[in-house]
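So the sequences go chain by chain: A and B.
For the record, in the first sequence the residue sitting at position 158 is 157 according to numbering that gives the first Met the number 0, with numbers rising by one throughout.
For the record, in the second sequence the residue sitting at position 267 is 266 according to numbering that gives the first Met the number 0, with numbers rising by one throughout.
For the record, the hints were derived by calculation from the structure and aren't laboratory data.
As the structure is a computational prediction, the values presented were derived from the model and not from experiment.
Glycine residues also receive a C-beta, built at the ideal position from the N, C-alpha and C atoms.
Please note that the accuracy of each hint is not assured.
[What the hints assert, rightly or not] A short list of chain B residues far from chain A (calculated; beta carbon distances all over 10 Å):
#1 A103
#2 P172
#3 R359
[Claimed, not checked] Just the calculated beta-carbon pair ranges, DEER-fashion:
#4 A:D89 with B:L354: 28 to 34 Å
#5 B:V362 with A:T151: 57 to 63 Å
#6 A:T145 with B:R67: 35 to 41 Å
#7 A:P181 with B:T361: 19 to 25 Å
#8 A:T145 with B:V362: 36 to 42 Å
So the chains spell out like this:
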Amino acid sequence: MKRIFLLVALHLALLPLAVEARSPRPVGLSVARIYPYNMVGQLTFSSGNSYYIGSGTVIQPFGVLTAGHNMYDAQGGWSTDLLFKRSHYDTTELSARYGSRIYVLAGYQAAVQNSGADDVRSFARDSGGVSFQTRPATGGFLGWTTDQKILTSEAPKAVFGYGAEVHTGEQLLVNGATPFYPVYSTFSESYGTAIEAGMSGGPVIATLADGSRAVCGVVVSGSADPVTGGIRVMNSTLSDFILKYLSAPAP
Amino acid sequence: MARRHAVFIALVVAAGALYFLWRFAEETRERISQTSAAPAAATPASSQTTPASESLYDRIGQMLATLRGGSKALDLTSLRRALSSDPAAGIAAIRRFLATRDDAATGQRFAVGPDGVLEGAPTLRTFLLDTLGQLSRQTGDGAGAEVGREILAEKISPDEWALALRNIAWEDPKSRPFLAQKLHEMLDYEPWTATPTGGLLEAFDVAVFTGDASFVPTFDAMGHGGNTALQRAATVALDRLAENSPLTVMQYLNSHPASIADLPFVRADYFSKADLGNPEQRRAVETYLDRADVTLPEKTKFLHAIASPGSFVSDSLLSTSQPAGNGTGRYPAIATAATEWARTNRFPAVEEHVLWLIQRVTVAE
């Protein structure tokens, strides 16, 4: 019964939503296993002396899109032991792959760490990827859109990820999102959309006009007061990055 | 009487005209020097005025007037297309204009696109230097490098320096030591580093291009400085330098144990770029793992990072980020080296992690 309720909750989440704060909820095992949600996975990694939980999406046959701050830290350097468990739910997953190369989309005028962990300039540039030597979803992946009207409109969309703050980090969570408003450059926020730590790197999945689903942003931040969820918007730069670095097997 | 009067008036008028012409010449000279953004580029003998270059020069002049008029409706793409339609004439027109030292802001920020070509130029001169570099590279004219060296003779604009360095690198493969020297000069110039422009930050890529280990301490110091923009650029540049010139950087770090010692996990990353199939690089790694001053957590970080090294990727002036590969790459060499380390018990303190590494790079997923 609980599973059925959560399935209904997921579908409601993809409809226009009320403005009051909403918390992420587990999608349930059966939903976690169906496309496109089975392209989302838990990403565990080591940084410095600690292990962390994050989230990611199979966005190309050999690549997972995630947040840049999952990949690099000014003190810890590059993260290691990146294990992507696709469609992970409690103790099972559809596949588990170690990343072979990791990337942060950042140049000399832009890097994720030095503007500070709470700086909108950091969030705007907060994107990265993991590439693998073997395909994490036997060639399947979830497409994306750079149509930013979907974000700012009432088009149905929801954020996904493995929240490990209130929840255990072992279940895929979903939270319906109200329209996102631009904050700075490619960083946008949605009022009332709560994000838990661990959801970073998870996708914002929107329903397009033709009924298909596509990633339109990457979860990068959350705020408790006021409750907001922050994302790095999909744009042509991020699109080029995906095609160039995440489409082929890791070198 | 009337005739004498007329002669007098004519003399006065002539004197006045001469004075006016003299003042005009003086004022023009003053005006040019006041609006100069960079040293004049001498027009070479090979760039003599032709009707085509004259026409293109006029178009640049029209763009200057448009920019000075505050127009936002810029059509720099169209100007670039015109200049590129006849590269020889375009080069001549650009050189002639650069020699006038005239300039105007475009309202764009310094932005680098694919292949090191600008997607945004903050001034008309930077736009023209960018175009000159492309045309000169295309024709093998040498003008881009020649003008570049003239610009590097004076510190007027860091954005122009960045493009001058790029243009020289594009055309003169033996210029690496010169470029390294000029970049050091740029990074030591406090008036520029105090408020770094986009061009100054993008010029950090010249260090990656030169592969010069002398930038390791420079970037290490900047990474610890108080200017966040410089910290950011230095972090990316040092990582890319280690990626593009792994042996040079590893040898420097092994011979300067204090370098980056306060960021042990970051230093481990610089060794994780190594190609263990290269005997010299493997020796450098083994020297590092033998070092008593390197802590076990740092060595452990290295053994885990080499299985999945990271890269900062973006469009840059000169260097190219590592592209996605064919999947056959580094693992066999890592497996060979690590297996030998385990067999000979070469690094007993981190044996557990050596074994982890072997499993990580050999077990099929």
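The hints, checked one at a time:
| no. | hint | verdict |
| --- | --- | --- |
| 1 | A103 | holds, 23 Å |
| 2 | P172 | holds, 23 Å |
| 3 | R359 | violated, 6 Å |
| 4 | A:D89 with B:L354: 28 to 34 Å | holds, 30 Å |
| 5 | B:V362 with A:T151: 57 to 63 Å | violated, 46 Å |
| 6 | A:T145 with B:R67: 35 to 41 Å | holds, 36 Å |
| 7 | A:P181 with B:T361: 19 to 25 Å | violated, 47 Å |
| 8 | A:T145 with B:V362: 36 to 42 Å | holds, 38 Å |
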